[in-house]
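Listed below, chain by chain, are the residues.
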Amino acid sequence: MTPPAPPLIELEGITKVFGTGDAAFQALRGVDMQIESGDFVAVMGPSGSGKSTTMNILGCLDTPTSGVFRFRGMEVQALDRDQRSLLRRRYLGFVFQGFNLLARTSALENVELPLLYRGEKKSVRRAAAMKALDQVGLAPWADHTPAELSGGQQQRVAIARALVTEPDVLLADEPTGNLDTERSAEIMHLLQELNRGGITILMVTHEAEMAAFAHNIIHFRDGLVERIETGKDA
Amino acid sequence: MFRMFGATLLLAMREIRRHLLRSFLTTLGIVIGVAAVVTMVTLGNGVTASVQNQISSLGSNVLIVLPTRGSGSQVAWRPFKEADVTAVSEQIAGVEYVAGSVSKNVNAYHNGQVWQTSVRGADMAFLLAQSMQVERGRGFTSAEESAGKDVCIIGQKVEQQIFVAGIEPMGETMRLANVPCTVVGVMKERGTSGGGQDEDNQVIMPLKTVQRRFTGNNDLQYFVVKYASGYSGTAVQDALVQLLRQRRLLQAGEGNNFNIIDTAQVNQAVSAATGALTAMVAAIAAISLAVGGIGIMNIMLVSVTERTREIGIRLAIGALAREVRMQFLTEAVVLCCFGGLTGLVLAFALSFGLSKAIDVPFMFSPMVNVLSFLFSALMGIAFGYYPARRASRLDPIEALRHE
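Sequence order for the protein chains is S and C. So in the numbering used here, the last one in the first sequence is 548, and the numbering has no gaps at all. So in the numbering used here, the last one in the second sequence is 405, and the numbering has no gaps at all.
I should point out that these hints are in silico values taken from the structure, not numbers from a laboratory. Treat the numbers as computed from the prediction; the structure is a model and nothing was measured. Hints may be right or wrong, so weigh each one.
Unchecked claim - Each pair of labels, with its calculated beta carbon distance range:
{"no.": "1", "chain 1": "S", "residue 1": "Pro454", "chain 2": "C", "residue 2": "Gly8", "range": "27 to 37 Å"}
{"no.": "2", "chain 1": "C", "residue 1": "Ala281", "chain 2": "S", "residue 2": "Asp394", "range": "47 to 57 Å"}
{"no.": "3", "chain 1": "S", "residue 1": "Ala319", "chain 2": "C", "residue 2": "Leu27", "range": "54 to 64 Å"}
{"no.": "4", "chain 1": "S", "residue 1": "Glu389", "chain 2": "C", "residue 2": "Pro368", "range": "24 to 34 Å"}
{"no.": "5", "chain 1": "C", "residue 1": "Met15", "chain 2": "S", "residue 2": "Lys435", "range": "11 to 21 Å"}
{"no.": "6", "chain 1": "S", "residue 1": "Thr334", "chain 2": "C", "residue 2": "Phe7", "range": "36 to 46 Å"}
{"no.": "7", "chain 1": "S", "residue 1": "Lys435", "chain 2": "C", "residue 2": "Ile360", "range": "48 to 58 Å"}
{"no.": "8", "chain 1": "S", "residue 1": "Ser351", "chain 2": "C", "residue 2": "Leu27", "range": "47 to 57 Å"}
{"no.": "9", "chain 1": "S", "residue 1": "Ala526", "chain 2": "C", "residue 2": "Leu11", "range": "42 to 52 Å"}
{"no.": "10", "chain 1": "S", "residue 1": "Arg510", "chain 2": "C", "residue 2": "Ile296", "range": "52 to 62 Å"}
{"no.": "11", "chain 1": "C", "residue 1": "Ser367", "chain 2": "S", "residue 2": "Val438", "range": "45 to 55 Å"}
{"no.": "12", "chain 1": "S", "residue 1": "Ala526", "chain 2": "C", "residue 2": "Ile296", "range": "56 to 66 Å"}
Said to hold, decoys possible - Among the chain S residues that face chain C by a calculated CB cut under 8 Å, a handful are:
{"no.": "13", "residue": "Asn370"}
{"no.": "14", "residue": "Leu375"}
{"no.": "15", "residue": "Leu393"}
{"no.": "16", "residue": "Arg395"}
{"no.": "17", "residue": "Asp396"}
{"no.": "18", "residue": "Arg535"}
Where a beta carbon is used, it is the ideal one built from N, C-alpha and C, also for glycine.
Only chain S is shown next, with the shape it has when bound in the complex:
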């Protein structure tokens, strides 16, 4: 009998208050959720519902005002800035709505960037970056700078950059927000494929079509989890 493995991510009574005194704004009012390893979760909700704040906390970019945040069974809500950086570096990959690639820097170098902070040597960085670019189908564009790539291609470079460290979780903040329908579908298929490969994906979106690619959809409203749609198997 082995004890059941803890969920990959566990939030218990997470609150977040911005500002103080009269200007204080309570963005989260006690969020609870569990995400198992291998999940593909979409987070939806109107703006101001707390979905972005939750994502920032899950991405260890921000800390909750109160509550417990467990990552792989370990409480991380009280980690300091550098410890959170190290956690991001080791376990998390980020994909943003605005791609956020370094300008005038080749796709390959963009993808290599996280490995640089891990202190990998150049040959290792190069090989891993090429592999990640190949995974997103952009190996032939390795030498191109973001300006020479289409929006869809840029987002795929960003995904390769998130993948290159082989993270446990990929956090995607409206990854298709700046793309047309066709490119959006391509990106979603890519994410689906990666999820099948074992990576856990958390995605914020406001488009039901994109959320439909996920296993579970968590709906936010007024700083709380409103409801969870489950059971959609890919």
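Given the coordinates of chain S, work out where chain C should sit on it, guided by the hints.
Coordinates of chain C only, in the frame set by chain S:
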């Protein structure tokens, strides 16, 4: 750690290359600052060396005694006499020898050429005390000196002007005014004296000859006292003042109507003065270096603001605050080092050219160069730290939202 540093360095170089013009303008302050400091110090050292050279050419352990009018007196300028020299050499302890000199402007004639020059009456002892050397030929013999023979040693300029190039003038007879003389030697080149006189444009004859045939009396324009190295210049000087006051019949309370120059003292004073001047000019130049540092800080702050999003990306993918700080600090230091190096190259060219132009020795000082370079790197750290810290403290969420 080392790998990270190498990568940071490459990154800094790339950022600088990306904004080449801006980087250049940014470092201009440092370039000018370093160039100014190094040039000033190098030139200052050159001037000091040149002045010291001139002063030590007056000889060491030598006092130069000149007649003056005396303070507030209407009395005429009173020359020294041969007897004064004899008294000094006999009555003052520590004096090795005393030698006087006179000079007069004359025309020199030879082979149909005329040249305006001066004739100096001086014996070998005088030349020795003043470190004047015979380059070719010979000096005067003591027989020639005591008999007042018509022999002469000519300066290089005189040789160039009235003798045929390539033919040794020794043994030739030339004429000074209407006095014929035989050339026995040529002086070593000496340049312009501290008093502004061109010492290469003169003809030297034994003192007695000049007194007899040119000035018509046994007056001395001035004389030099060489004292033994065991004696202090001040003691000899005091004794000299006493003796000369007595010989020149000065009452107590009356000012000296002569002046004694101690070359060692002059040397010290002049060195101290030029050293202080160099330090002051270098300090003024250092202000421009500090102003240059402020320029670096300004541009680094602009750069941090411009690259807020980039910083956000780096932080989001796991860069530590100190890694971001290091990145921007490295950029500032690399900029300053480039500026410093450019400044050193500029300073080398400038100080080389200027020292040639003002005719002082080029005194390249590795110490000053290394220190200035290190100082410019230090400026990078000092003025790059604040912008770098600001970059490292950005909130990744805010930074990523920055447009």
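Hint check results:
no.	hint	in the structure
1	Pro454/S <-> Gly8/C: 27 to 37 Å	holds (29 Å)
2	Ala281/C <-> Asp394/S: 47 to 57 Å	holds (49 Å)
3	Ala319/S <-> Leu27/C: 54 to 64 Å	holds (59 Å)
4	Glu389/S <-> Pro368/C: 24 to 34 Å	violated (59 Å)
5	Met15/C <-> Lys435/S: 11 to 21 Å	holds (19 Å)
6	Thr334/S <-> Phe7/C: 36 to 46 Å	holds (41 Å)
7	Lys435/S <-> Ile360/C: 48 to 58 Å	holds (55 Å)
8	Ser351/S <-> Leu27/C: 47 to 57 Å	holds (54 Å)
9	Ala526/S <-> Leu11/C: 42 to 52 Å	holds (48 Å)
10	Arg510/S <-> Ile296/C: 52 to 62 Å	holds (57 Å)
11	Ser367/C <-> Val438/S: 45 to 55 Å	holds (47 Å)
12	Ala526/S <-> Ile296/C: 56 to 66 Å	holds (57 Å)
13	Asn370	holds (6 Å)
14	Leu375	holds (5 Å)
15	Leu393	violated (13 Å)
16	Arg395	holds (6 Å)
17	Asp396	holds (5 Å)
18	Arg535	violated (22 Å)
In summary, the structure is inconsistent with hints 4, 15, 18 from the numbered list given earlier, while agreeing with the others.
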